[in-house]
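Protein sequences appear in the order of chains C and W.
For the first sequence, position 153 (counting from the first letter as 1) is numbered 153 according to the working numbering, and the numbering increases by one without interruption.
For the second sequence, position 146 (counting from the first letter as 1) is numbered 146 according to the working numbering, and the numbering increases by one without interruption.
If you're looking for bench data, these hints aren't it; they were derived computationally from the structure.
Virtual Cβ for every residue (Gly too), placed ideally from N, Cα, C.
Not everything, but these chain W residues come out facing chain C in the computed CB check (under 7 Å): (1) 15; (2) 17; (3) 21; (4) 24; (5) 25; (6) 29; (7) 32; (8) 33; (9) 57; (10) 113; (11) 134; (12) 152; (13) 153; (14) 177.
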Amino acid sequence: MRCAGAAPLLGSLPGELDPTEEALLRAHLSTCPSCQARQADLQALSGLLQEGLLVEAARRDLSGLADGVMARIPASAWRGAPAGPLGRLLSFLRRHRILAAASALAPALAALALYLYIGRTAGPGPAGLAVEVTSEDLAAIVLETSDGPVILVGESSEGT
Amino acid sequence: MAPTDIELVERARNGEPEAFRDLVVRHQRRVYAVALGIVKDRDLAWDVAQEVFVRVHQHLSECRDGAAFMTWLRRITARVAIDVLRKERPSRRNDVADVPEAVLREAAPGVLATALGTDPQETVLRRELSGRLTEALGQLPETHRAILVLREMDGLSYEELAERLSIPKGTVMSRLFHARKKMQVLLAGYAGIDAPGGGAP
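Sequences are here, hints too, so could you generate the full structure?
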């Protein structure tokens, strides 16, 4: 192999050449000081282009770039995320799904707490006393029956 | 702990604009740098970077794992930058078609390695050359700029470069060699190193 054939193979990544090319290049390099020097140049300059471009990019204030991108994305892309405090709240709930699920059980828990409170402070109430606790579309009803308390959890009847 | 790329992608896919903004801010410098290397114009590079992220958002649903995200982002960046370059080509008459003949003479092999020393990270010369890198890159023809930037910034293999640039692998190797050679000659000139004639016999 001559320098003209070997030079384009310099700077290849490991495993990038086929075995024949690799063997020929190795044999040439072992006897050619010029190509050894060319390879040394490539190694010395390795990473320089990346450094230079990143330095150049760092010189430019890119703080407005993201704003430009966001402005080009239609608002409808942000599913169910209206702007303002409500949007932030929905975003928070999406990120904390367990918390959101727990909040759905709040009416039942509140009803249970209320029932225990009534039972401890006022003694047995009249049979048929109903206490209803609602939250958004969910409702829990505590029925004081002759057979003991019954907690009913279901969709709220409000507005229907 | 900062969320991973794929976590941000998933949150953005679920409609969280803040997550997508975080993703843009995290990668904008690199995307801008690659775009600048290819199109060489700062304002055009800015437009390319914005277009890249808009396209990323349009195809968020197609990205399912973190490792693939970077590959995907690089692919879009290269495609948009090269497309922009092709569209801009007719109107960019000041684009230097080639390095002048006098400059084409190869620097004596090894002079840069010798000048930069055995620990190139530490030399003043390296910092100086790094600072003039975009200037040198701007003197290369666009085909050489693109191939050099994609190879050095994204570490693309010969096969990947051939696919990305729609040229044969042999052309990739030859073009890369000439691009590097021209870059070395220019950098040697900046460094004030004598560049006697000569080349591969």
